[in-house]
Amino acid sequence: MTRPRSISLAIAAASAIAVWFLGAPGAYAQSQSAAGAALHREYDVAHWAASSPSRAGLSLAGLAIPGLQLRARTDRPAAEGGVRLSFGSGVDTTLVIQIIVSADGAGGRDALLGFLNEAQATMIPLADRQGADVAYGENPRGTESAAALYSNVAIYIRRTRDARAETPSAFQVLAVLRARLGPVAAATNATPASMRLATRAPSAGSPARIVDLGAAFEHVEATVTGGFQLGAPTPAGIHVVAESQSGATVNVWATDGWARVSVGSIVVPR
Amino acid sequence: MSTPWRAGHFVIVCALLAPACGGPNPTNSDGSADGANPADVHVPGRDLNAIIGTTPVTPENPGPTTNCAATLGLRLATTVLDSTLDNASVSIAATVADDGRAPQFRARPVIVQIVEGGRVLALVTRNEGVVAGSSVDTRWNGTVDGVAVAPGDYTVRATYECGADGPAIVREAPLTVVRLGAVRVTVADGDGLRIPLLWPRMNNVRRNYWLPANTRAVVSRGRGAGAADLVGTDGTRLTIPRPFADLESPPLETSGLPLAHDYNQPIALQIGTHPDVTVLFARSATSATLPAIRARIDNATPAADTTLAAITPLMFRLDMPPAPHFARYDFDLRVHYEALAEGGSYVEIGGESIPLRVYGLLGDQTISTSVTAPYGAWVPVVDAVTGWVHGTTDDPDEISGEIVRHVLDDFGLRYDTVNGASFYTGYGTSTYGFARFDLSAFLHRDNGRTVNCSDCASIVSTYANMVGCDVGYNILTANFPLNYIRAIGTTTFTNDPFNRGTRGGFRYHAITGPVGRPLTFDATLVEDGDDTPSAAPFTDLVPDGLMRSRYLTQLSPAFLTVTRDDKTAIN
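Those protein sequence lines, which keep their order, are chains A and B. Numbering of the first sequence is given in the numbering used here, commencing with residue 1 and proceeding in unit increments. Numbering of the second sequence is given in the numbering used here, commencing with residue 1001 and proceeding in unit increments.
Simulated from the structure, these hints should not be mistaken for lab results. Please note: incorrect hints may appear among the correct ones.
Unchecked claim - Derived, one-sided and incomplete: chain A residues facing chain B with beta-carbon distance under 10 angstroms: (1) THR74; (2) GLU166; (3) THR225; (4) SER265.
Idealized CB from N, CA, C, for every residue including glycine.
One chain only, chain B, in its complex shape (with noise of 0.2 angstroms):
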């Protein structure tokens, strides 16, 4: 949708006569207002409302004919400012020319300031030798001695003085300061899939899930006042929180709520999806002058008209997948603003970075169809697995492996060398089967860091099965004798890890593997990988993605039962 263009708004050319001659047109490089001395900005000395007198100078009012032989223009690339936002600035050029009397025209100064008021509030610049047929060329920031100016309605004055021969000359151009910014997003699934992620330990009370629904605001700045949730009382814009530190809980009220304003929740989507994302813009009041504002957003399709008024939701489909493999993204969601100028075209007058922190994973839990807690995608499961494989690979099974390497060598555990007890893992009475994790326990090492086969594979399988691979644990019986093995937390092989004094065996053996398929992951032991896996030397062997037929071949000797193709639950 376009906005019809309001001719006029941009562009204030005037022609007037004066005397000329030249000089260097300088602009300050940060835009900021010219002349650091306060009484340039202020003018007390130079007060050139007494130049121009009281008489409002407006463009169907050019002020008194002159005798300067010259014509004065006045340009500003966009009438709108928010001078809180990155690269925020307005385009001003004062241009001279003679008026056909060029004999006549001296080099004067042009100086261009900004009013409010009536009364000049900033000096933007001043050349004290303009040349005819040369421009000023400058920009203001909106800030007055480094403050922002407040949001209002404002007048770019440029002057230029005709001295002896006459009043000078000056044209004006409204400029309304104004406040833009998102002050909510949403992620919803888009042509893909958006995972909830689960908070397990809210406000330090262990099995306090925290599961937001997916229609929650991800990113929240101020408290729901709109434009004036933009800045702080101090007039400098207010930062979108960083994403949440903690893993186990979000930032929290004094009433113990999770935080409803000023945060910034971590998302995760399965991997290549173009999320849809909303994002709520507030914008501060209107003038009569305002020109339409749109929003835009880097690599983003809006759905709609993106023409922002008071509070705007626009949705925009992401063209570019925020998460295109399996890792943890920090990334910017980058708005620009847009104000309606000359001709029709669309000026950029800021922008602003959107920060967040997007989990790119392989799908949704698998461990259970239930969507409720504690049935979620846990942040520290999560950020751990996705950090270890960091986009270097989305195969599921590549994936298990990696987890199958950090808990054998990363996370400090120790194998139970005196009974291989189970500290994190239950079965139902007498069986293998119903197997529970204690992975609430197990993130605080609640039980320690001993392990046996139960827990290991307990954590495996649940750490791939969270991240939405479909890993299942097996179980080997019964009673088995053991080649040489190392087991998780040990530096040594031995075929006795129970220290007997004779070679030992397992009652059973719990492992992990993709459902359906035969392949092995097991962090509780290293195998010995040679020809000869009952005798010295050892050759490391890590079961993770072994054959199912080579991993039983260098565990024992002995014909193994493979039972159970099982999730395990977790609490």
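Just chain A, with the same shape it has in the complex (with noise of 0.2 angstroms):
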């Protein structure tokens, strides 16, 4: 089919058009809202089934998927994408799990949205949900993708196109994950532990000093501007060089037991 070209003409100065006017003030904020208001229509938000009660969160320790390998993991705060593991065999990533664990139901449902809003593609209900309040995925078995909810717990599963029989369906895994979430709030610690960082001195000879985090904490990362990391960050410690004379800043992600992460920030004296 050809588009007469004089509608082409007029589609593009209406684009043009939509362009300068997004530019104004307030255009932006109303962009926002009606994106997401067709979000929640899309998926029809307003029918999904209540929250079940809160979850502690997801336990990730000794998680392992049979026949690949743990390359790379991100932490970050669930407005920032929550976990992200990435697991494979050989050099290639086959499969994609991200984990955002919320307050609430409430925050829970905005990090599903979240995984729904970035893909081109609309998904569809799985015929099992396995528990979750709701789930989706790229067809109604959950084969290549799966995301659920289980309350303030959203679970996105995601095998690459570079998979094949040795990395198992998005289902099987989250089986695996389901298997893994906490108890209910209620009956433990909702909140997830708090970063209380202080520095210490180095150790004998090292140009580091030491950012200690207060608390257990199951996976640090770390990030520093005016300095570096002199080594990968672990739960024991952060050793940062500042080169800045105001110090260095350094950001860390902690997350605890439920894959629950905790944000926080100190200056490093130089």
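Build the complex: two chains, separate frames, hints provided.
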């Protein structure tokens, strides 16, 4: 089908006007809310089942996917994508798991909608939700992808296009993760551990100061501005060398045993 | 500034009587000491000290008169030498003339030697039959048996042997052996801009950014010991290291700190910048007879007097921009060392090259106004894009187009034909604003090679913005049907990219374009570029700078809303 040139030109002009218009004050917020409303309509969020009781989170300790190795891990707070685990065989990543543990069911819905929002195709409800409040996949079986919400815990599983038979289906991985859900939050500590960041003097001969987290965490990540790390961060501490006269700012993401990510920051003097 | 010429440093001419005869004046092409036979060099059987006796011969004390009916002159082009420099040697001329008693002149040998502390160290040349009015022209490169002599005071001695006609005629001139060289180089903005480079994975730790200040030396040789840093324990010159090979981390000390010494750190400049280059020169200990020595750099103008002391920082403005275009340049900063010579002129005594790697970029990164990590020009990105463009264009739109083509064809990326899901890009909840791109993960393909439009928009815009283009991402909505496309990493055109069995569409689509201008860069897909994009046949149309209107027309028959003109944050 060939679209008449005049129509094409009209579309182009309208597009240009749209770009111009959206650059105007106020248009930004308008487009944000419109996008959110459209997403809610698209996935019929108004008719989602009520949230089940909040969970403490999801345990990642010793998580193994048969036949695959953990290749990378990135931990960020819920608003920045949560915990992302990449598994693979050989040199290729074939499975990516994202887990966002929010404070409550509303946060969980936002997280799941964030997963759905990033996909260019509309996902389809899974035939078997595996106990989730809502669950979607690329088809009702969730062969290649599955996005599920267990109250405040949102899980997103994707096989990459390099995945072959060695990589289990998204549905199978969801079953593995579901078994690792924590107890309802009321029965345990519902809030993640709080960091109490502090610096201490370096060990003899080391040029780095050490940032202690002040609480027990399972996984730690950090970035430094105005300096650098002297090695990989660990729950035992972050070794930081400040290069800037004003010190180095250390941003810390620490994850507890229920995949809940705490964020903190501290300035390490030079 | 000029240094007063000190007469007598360079030319010593004496006239002594001697008989004479003619002969060839061989010199070594490599300037090394003549006489491969160590017996000649160390003259055990021809003890020339014995010939001239033990009395020191100086210009003020020309020695005993003879019956040779000759005069002997000795001239050095310069009285200073650093044998470890490139093309280093001292030119020596021993001139023989009859003294007016020509009938008595006979050709006799002329010997040129290097003497240290009264001991003959090296035979430079021996010419057997030197006729009146001729000159023995030779050079010495400061080595003995291929080994550089140590810095210090030496004497060049020329001897005209008179044989049975009387004592030899001997002339001597002082020669100081020094060590000269650059030990640090810093580079400042000059008339343009030096752009901070960021190494993103220091010591192989993810997101361990290293963003050195522009005040840090880009080249360092040795450990801050001055001239002692210029040579190794075996006397050979220590080479300036080649630029860092690792694009993600600087080389490290065993302590884990970036190398503080003996490194060569690439830099980035805005194209066309004439930077100010400050070189810290070191020179070994002075000597009473040491002439003024200065440094010169090819195609550079010094800011001040360039005479070298023991430690001398000198600033030069480069006359030629080291990065005239958008490209990666490996070039040598060529330093020449010159010593004050006869008549007040300077004579080159050798040189050295300082290798530099310079990335020519359009400007600072445009992703953020932040000047702290992670907002620098990431070396892996800068190296890739400048390598692709390679000076073929300085136009930001053409550079962005080149990025699109390489992302599309060379990164091994494959479209997520399952859901069109993002693997490296996230947005704010339920919006397409506040995009975040995990560049650190992408560089290692941590989340695999599967991507969607958001990822491709992030890659293209981030790569472009890091080299100084000004590219934003745009969002097309909503739920629109597709014409035929060929998604990244696929080989066939389809209008059903998610294999749902019917004409497909996109819930949204992310593209990029220069901020505020209706051009489109999209590495997610290739459009069907003919007049019927909704049907076969198909003609590749790469969105590497398409007018927005054309792009939209080929993409979908629907009216598309274009929103956002944002930058993607990175981590």
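Checked hints:
no.	hint	result
1	THR74	holds (6 angstroms)
2	GLU166	violated (14 angstroms)
3	THR225	holds (4 angstroms)
4	SER265	violated (13 angstroms)
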